[in-house]
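**Q** Now for the letters of each chain:
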Amino acid sequence: NAGVTQTPKFQVLKTGQSMTLQCAQDMNHNSMYWYRQDPGMGLRLIYYSASEGTTDKGEVPNGYNVSRLNKREFSLRLESAAPSQTSVYFCASSERREFSGYTFGSGTRLTVV
Amino acid sequence: AQTVTQSQPEMSVQEAETVTLSCTYDTSENNYYLFWYKQPPSRQMILVIRQEAYKQQNATENRFSVNFQKAAKSFSLKISDSQLGDTAMYFCAFRYNDMRFGAGTRLTVKP
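So the protein sequences, as listed, match chains V and F. The opening position of the first sequence corresponds to residue 114 in my numbering, with each subsequent residue numbered one higher. The opening position of the second sequence corresponds to residue 7 in my numbering, with each subsequent residue numbered one higher.
In case anyone wonders, no lab produced these hints; they're calculated from the structure. A quick note: this is a predicted structure, and the numbers were derived from the prediction, not measured. Please note that a few of the clues may not be correct.
Said to hold, decoys possible - From the derived model, a few chain V residues whose C-beta atoms are all more than 10 angstroms from chain F:
#1 Val125
#2 Gly155
#3 Arg157
#4 Gly220
Said to hold, decoys possible - Derived DEER-like restraints, expressed as beta-carbon distance ranges:
#5 Lys76/F x Thr167/V: 39 to 45 angstroms
#6 Ser193/V x Glu23/F: 39 to 45 angstroms
#7 Glu23/F x Lys184/V: 41 to 47 angstroms
#8 Ala77/F x Thr133/V: 33 to 39 angstroms
#9 Ala115/V x Lys76/F: 44 to 50 angstroms
#10 Phe212/V x Pro46/F: 37 to 43 angstroms
Positions of the beta carbon are idealized from the N, C-alpha and C atoms, including for glycine.
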């Protein structure tokens with residue numbers, strides 16, 4: 114099925130470990146996004162990529178890095194995980210036109226202990 | 007920066023009744039887009055309805071409709087004939103360039 118694929122779906126890390134969340138879309142969308150979802154706070158934008166070759170910070174970028182590998186793939190890296198990064202992470206993609214809603218992946222539940 | 011406020015953390019409604027979820031936002035922009043997303047327990051984010059700010063007519067999608075008041079910066083979602091499958095978190099979202107979300111309203115439909 115066409116859409117946004119995130120891996121892994123679940124992950125437990127120890128404080129200080131690093132990991133990369135992978136995201137790929139097959140809808141030929143220009144723009145891709147990473148959000149985190151925390152109880153009572155909705156979804157907050159971490160980083161986004163308006164087009165291949167560009168990335169920009171969102172609301173909560175500290176502690177994260179991203180790579181827009183090509184038009185299809187947009188990865189999120191935690192270099193040194195902290196308990197405050199325990200969250201559910203969503204990748205999304207969209208057409209550049211603002212009328213377009215986002216298509217979301219199924220999320221990654223990350224726990225940092 | 008744009009902000010989105012959902013003032014109702016939780017709501018409940020009896021099956022077959024109507025419920026309205028509130029959303030307000032703050033922006034200095036004139037042309038933008040508003041969305042409601044549904045997140046069932048499966049965690050998947052599902053687009054429910056969208057509204058263009060330049061359109062005065064309120065959007066409708068089957069049992070879902072919005073009341074868009076641009077001057078008041080208000081964008082509420084009305085669900086008619088509520089069904090058990092409507093039980094979910096509902097997020098209001100504002101898009102100008104990127105998309106910003108409210109904190110969500112947890113809706114429970116009771117049999």
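**Q** Has the hinted range 33 to 39 angstroms been met by the Cβ atoms of Ala77/F and Thr133/V?
**A** 46 angstroms, violated
**Q** Is it true that Ser193/V and Glu23/F lie within 39 to 45 angstroms of each other by Cβ?
**A** 50 angstroms, violated
**Q** Just tell me: holds or violated, for the beta carbon distance of Glu23/F and Lys184/V against 41 to 47 angstroms?
**A** 46 angstroms, holds
**Q** Once the closest CB in chain F is found, is it more than 10 angstroms from Gly220/V?
**A** At roughly 5 angstroms from the nearest Cβ of chain F, Gly220/V sits no farther out than 10 angstroms, so the non-interface label is violated.
**Q** Is the distance from the Cβ of Ala115/V to the Cβ of Lys76/F consistent with 44 to 50 angstroms?
**A** About 34 angstroms separates the Cβ atoms of Ala115/V and Lys76/F, which means 44 to 50 angstroms is violated.
**Q** The output says Val125/V does not contact chain F. Does that hold with a beta carbon cutoff of 10 angstroms?
**A** 17 angstroms, holds
**Q** Verify this label for me: Arg157/V is non-interface relative to chain F, using a Cβ-Cβ cutoff of 10 angstroms.
**A** The claim breaks: Arg157/V does not keep its Cβ more than 10 angstroms from every Cβ of chain F (closest is about 8 angstroms).
**Q** Taking C-beta pairs only, is Gly155/V more than 10 angstroms away from all of chain F?
**A** It is violated; Gly155/V is separated from chain F by about 4 angstroms at its closest Cβ, not greater than 10 angstroms.
**Q** Are Lys76/F and Thr167/V spaced within 39 to 45 angstroms by their CB atoms?
**A** At roughly 31 angstroms between Cβ atoms, Thr167/V and Lys76/F fall outside 39 to 45 angstroms, so the hint is violated.
**Q** Does the beta carbon distance between Phe212/V and Pro46/F stay inside 37 to 43 angstroms, or does it fall outside?
**A** About 25 angstroms separates the Cβ atoms of Phe212/V and Pro46/F, which means 37 to 43 angstroms is violated.
Violation of the numbered hints given earlier is confined to hints 2, 3, 4, 5, 6, 8, 9 and 10; the remaining hints are satisfied by the structure.
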